[in-house]
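Number of protein chains: 2
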Amino acid sequence: MDENTATNKKDIKDKAIKGYKSAGKQSIVFKNPPYIIAEASLVGQKEGEGPLGALFDQVIEDPMIGKNTWEEAESELMKLTAQRVLMKAGLKNREIRYLIGGDLLGQLIATSFGIAELQIPLFGVYGACSTMGEAMTIGAILVEGGYADKVLSITSSHFAGAEKQFRFPLDYGNQRPYSASWTVTGSGALIISDQNEKKVAGEKEIVITGVTSGKIVDYGIKDSMNMGAAMAPAAFETIKQNFEDFNIQPNYYDRIITGDLGYVGKNILIELLKEKDYDITDRYMDCGIEIFDKETQDTHAGGSGCGCSAVTFTAYVIKQLKEGVWKRVLFVPTGALLSQVSFNEGNTVPGIAHAVMVEAR
Amino acid sequence: MDENTATNKKDIKDKAIKGYKSAGKQSIVFKNPPYIIAEASLVGQKEGEGPLGALFDQVIEDPMIGKNTWEEAESELMKLTAQRVLMKAGLKNREIRYLIGGDLLGQLIATSFGIAELQIPLFGVYGACSTMGEAMTIGAILVEGGYADKVLSITSSHFAGAEKQFRFPLDYGNQRPYSASWTVTGSGALIISDQNEKKVAGEKEIVITGVTSGKIVDYGIKDSMNMGAAMAPAAFETIKQNFEDFNIQPNYYDRIITGDLGYVGKNILIELLKEKDYDITDRYMDCGIEIFDKETQDTHAGGSGCGCSAVTFTAYVIKQLKEGVWKRVLFVPTGALLSQVSFNEGNTVPGIAHAVMVEAR
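As given, the protein sequences belong to chains C and E, one line each in that order. Residues in the first sequence are numbered consecutively from 1, following our numbering. Residues in the second sequence are numbered consecutively from 1, following our numbering.
Bound-form chain C, shown alone (with noise of 0.2 Å):
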């Protein structure tokens, strides 16, 4: 990546937009990055039983969160962590411009009974488990284009809810295929501004520079327990189309991380990308794969959700940006856009994912 270009707003998203006409190209880059000031992140037990954690900003142990219903569980987790990054960030609620948000229960009602008494103009979305991109894209692309000064992106997922939602109540007690992922308890949360009054020093400060948004990639897998495998192609072409959109190789990042492709959709992803002579094997990691323990956790495919993604990227890896032990990460959360109806009709599962380019500086 030519540094000198990169600077240079204008110049590049006129690139980009003319390259896209011609080539395709769908990435954009930020000549002045936003600040990703404060970051939050709530998890379950067995999260906090997983290797990150000591990493997290609170385990609840509690999986209905003192509430009636998973749902409302979910909610209270989200409100709990919207509290928690205003407060690490010193903000209030009405100092936050737009509330990015999304989760995956039908009709995000996690999000809408999460966040609805913090009284912050909402702005849902949803991507599946890719939300946590999505949200991080549109609060980027507010906060730089001039149209906030302050956002809060958000979201959040619930083992319990996820297995209602989309597989069977927990009460049946069904068994999983060793390729069914496990949907994270969690919730994860982030400030993205304009400016960064309080940096710490000897701290790295932490910006999005830039961003590959998804299209929709449906290789035709129609296995709801082996979402890694429906993602994985979707992960591949945002994770090519960024390496193509800024002339770089893998070894420009540090770490290249996806959000819950788990075992099965990491070899496929790494596999896709060796065919197109892109070998991310030495710096690539996995949400899904980190969040749980293989060995004694009994999470198969690895961790899945809105929530995997998030809260793996607000603990772990901003730490490590923070701390100087990566300088830029390519953050790309994948999601599989089925619903329980669409996969009892017999639908394929399509997925999507969006990168988001993070650097310390």
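In short, the hints are calculated from the structure, not lab data. Be aware that one or more of the hints could be misleading.
You can't tell identical chains apart in this list, so a pair holds if it fits in one copy or across any two.
Unchecked claim - With a straight-line cut-off of 25 Å between C-alpha atoms, the simulated SDA-like cross-links for lysine to any residue are:
no. : residue 1 : residue 2
1   : 240       : 146
2   : 164       : 207
3   : 67        : 218
4   : 25        : 88
5   : 67        : 223
Note that the structure is predicted; figures quoted are calculated from it, not measured.
Once you have looked at the hints, place chain E on chain C.
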């Protein structure tokens, strides 16, 4: 509204943002208002038989639209509408930088399966029946911010799919209270552009001059058969905020147009605004009231659904603007943020409303 000030984007934006911090402002003014360069509307038979029937681009008599399920029918409807708007604009799908779309079905499957083959980067959005307002807002921001030259904003709904999703399958033949609305079978699409290359002589140009984006408003209504009452307070809050943020009176607009408050919600909205000394009676209209004939079509409180405001706006409102009948309108799609699950679990029906300021020049 001070027109001189309104043309100073930075000034207004700063004011709006600063104002927000102290006074809850939530509006944006576009210095370079993006153009609506094409619009399309496809509807079902019942909508075709209504008062606006002659204005739609196409009336499709087969409610299955040649497909096997209601969900696939809605996807097909959305696909045909997207193709129609591209055709009317003389554009290829690869010339569209982003598609911003949503629908009422769980996990937005009408959208995912409808627009997959167009291969346009997708931002899935959800705001129940306010979704067209959100899709137009994000579309206008992407274009005016220089992040896209052309975007496609689209929503859909389908009567049978929505009844199955939210209430009862049609086969049950259940009765509907008079406060219930009738979900519109229809899809409306717009192309928003930074240039109007195909200006037609003698026809006004249509631009989006600003937006007021909604917060969630919950007055505690619990009746999913009375969504007008649930949404009216949200419409009230957004419209009042628009008047306050721009320091204007209702007569700034030739029409103030809500999405689908219906006959019940209409009266509530008018009364709520009157209490704040705003009388919109002589310039108010509601898409849900316009689209069906109350006397002959047995639709009770009126039409509703993401498609209701989308097709009424694209077929009727834009025509009035192009022909110079109206100069300025405030388009306020309204959403009831319930799901079958939240309703069955005894939750309230929170509302949201996103206002878009549209002008003929």
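Verification of the supplied hints:
no. : hint      : verdict
1   : 240 - 146 : between (30 Å within a copy, 24 Å between copies)
2   : 164 - 207 : neither (37 Å within a copy, 44 Å between copies)
3   : 67 - 218  : between (38 Å within a copy, 19 Å between copies)
4   : 25 - 88   : between (37 Å within a copy, 24 Å between copies)
5   : 67 - 223  : between (32 Å within a copy, 22 Å between copies)
Of the numbered hints listed earlier, the single one contradicted by the structure is hint 2.
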